[in-house]
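Asker: Line by line, the protein sequences are chains A and B.
Heads up, the first sequence stops at 342 in our numbering, and the numbers go up one at a time, no gaps.
Heads up, the second sequence stops at 342 in our numbering, and the numbers go up one at a time, no gaps.
Everything labelled a hint here was simulated from the structure, so no lab data went into it.
None of these values were measured; they are calculated from a predicted model.
Honestly, I wouldn't trust all of these hints.
In silico lysine-lysine, PhoX-like type, Cα no more than 25 Å apart, as pairs [stated by the list, open to error]:
1. B:K58 x A:K68
2. B:K115 x A:K310
3. A:K19 x A:K36
4. A:K58 x B:K115
So the chains spell out like this:
2 protein chains.
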Amino acid sequence: MPNLVRMGKRVSLKDIAAKVGVSTALVSYVINGLEKEKRVGPEIVKKIREVARELNYKPNQIARSLRKGSTNTIGLIVADIANPFFGQLARIIEDEAARHHYTVIIGSSDENCVKSAALIEALLDRQVDGFIIVPSEGCNASIETLVQREVPVVLVDRFLPDVNANYIVLDNFKATYEAVTHFVAKGCERIAFVAYQSSLVHMQERIRGYRQAMKDHQLEEAIQVKELLYNHAKDFMDNGVSELLTGNQKPDALLFATNALSISGLYAIKNHNIKVPEDMAVIGFDGNEVFDFFYSPLTYIEQPIDQMGKESVRILMEQIKGNHQTVQIELQHRLIQRQSCG
Amino acid sequence: MPNLVRMGKRVSLKDIAAKVGVSTALVSYVINGLEKEKRVGPEIVKKIREVARELNYKPNQIARSLRKGSTNTIGLIVADIANPFFGQLARIIEDEAARHHYTVIIGSSDENCVKSAALIEALLDRQVDGFIIVPSEGCNASIETLVQREVPVVLVDRFLPDVNANYIVLDNFKATYEAVTHFVAKGCERIAFVAYQSSLVHMQERIRGYRQAMKDHQLEEAIQVKELLYNHAKDFMDNGVSELLTGNQKPDALLFATNALSISGLYAIKNHNIKVPEDMAVIGFDGNEVFDFFYSPLTYIEQPIDQMGKESVRILMEQIKGNHQTVQIELQHRLIQRQSCG
DNA sequence: AATATATGCTTAAACGTTTAACCTAGGTAT
DNA sequence: ATACCTAGGTTAAACGTTTAAGCATATATT
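Work the whole structure out from these sequences, hints included.
Answerer: Set out below in structure tokens:
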């Protein structure tokens, strides 16, 4: 109630109808550009347009949504909107959705499947027309439910192998595979991989790509994967790296599996006064411009984030329109060479 | 229509009412925990609860919003959600709003007042209950309109001097003032300031703080402010800095007015092989962890972004509840000392 | 015995749209 | 004259809630 009092009541179809002296139906037709189809008289059309402008009429989307059963809103669930990777992605999705006259509601799951499920619930209650989701570990059930209920969903950045949902992801296997190959070309042999401990495919694929490449380059015995916990990555990174550096298998190259890991890792490297690339070559994942500030600018695997964002919206729009073919896309990375590999 | 077909129709109050054999009113009361107040019989209460759970009933927030006239949604307009500063801010606001059972819809204005106005319109059409806005240059009119209409608004990061709206911002004057003072303490004399060309108070205050500090330290004749255009900052930064470095007033210290400017600036500095802090001391605004990667980790002015986010939500909630006292808050910065000032 | 009070439930309007169905008057074709 | 269209409108239901108002019945008060 307070809103109505405060905001002096917004003008509705009824107000226009009253002022023009017609029914709300006619006004609705005109507002929605159906005047031909619904055969509204030309003078009336003109009058309605005038009055609508005069009263500064804006349709109430809530009412429209209730009636139409669709809200022109999509829910976007990312791991953390404060993470620049997801921030960029969100921005692209926001713009692309706007082009389709859709609004985006963003939620951060913190890679936590309980939070993720709660977000999905909340967004469903708000009747979003579809979802773009960066799925967390263990959220198979809630995504599966969405798919079952035929709620339009597109997974992005990662997918769930046992859920038959649409997705658009990077070819992660190839990405790390080529990173290792690049290291090898630069003469590295003891290449270690710092990843998150996660059953999610994107991480598993990155690990698999690393392993396979190591094998294919006859470096199988030098394989060394550090899997850190998401929540404790920062705390353990220092120890993790120390361990790596004091072990009997001291690596000459380090591959980081994500943006955040690169940041933490570079800190550790800096603190340990390790020289890049002389003592150790480094490649990161999802690099961004700031990594150029590292004294030896970081060579990194670039994801086609723009394409990922745009396509995810495109696919979702298709699904919302009723196209039920599941779409599953793998995009290719680009290796951006700087100076951290010599 | 397609939604209803696809999603197999969500269960409504009516469905529960029918199954239990009561009116929807009773169900509504029970769902909303008004069974005491509205004197619903204990067995009926139990039955309704059971059936609700059994049918997995979730209230339709759209319908509720239409009826109640409030959506439990707030609109957040930032310059660019892909910018980490705003990403962090958005994240804090998201979490804080969730604690109050509010959902946030984020829009990016690109510092463009037309876009900003369009976003405000779109969010109003969606009947948001209030706004948190990072105002762009020239958007006074649209904000003023909101205030006039008594739509709850809180400006954040910046405010508009001729609009009497709630705001929570940094004491920008003091921030740059103390940065200059810090430079002076480190022995710098020819301190230059790289800012955006903008009439917005936050920028003007930063410039004023710089100027005043320079005056107060008897360095008035060394005052040098470079004001760059938002859209061309990256392009011009290089030239701008070159100019600075070849001019007859070559500075021995550089103060950047924002995060983005620091990034561009550090690039230029790196490209020009300028030694920090020997050749030039540097202080940034809104520094974040990645600046530690610069070969000489950046000393920066830290904004209490957490407090800014939380308080903005708190103030907005007050306003939505009907408290019409305008609240205007200035927060204090912290100077984080690293190595870029010697 | 009459009246008040409490209890437990129903009715129906309202929020602002959309839209199928219906109505009316004039004009055309037969 | 009859039937039939067409143009231009109205009516009212529906979307899913919330909530004021009303209606019984039973119990308590005088």
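Asker: Hints the structure violates: just list their numbers, smallest first.
Answerer: none
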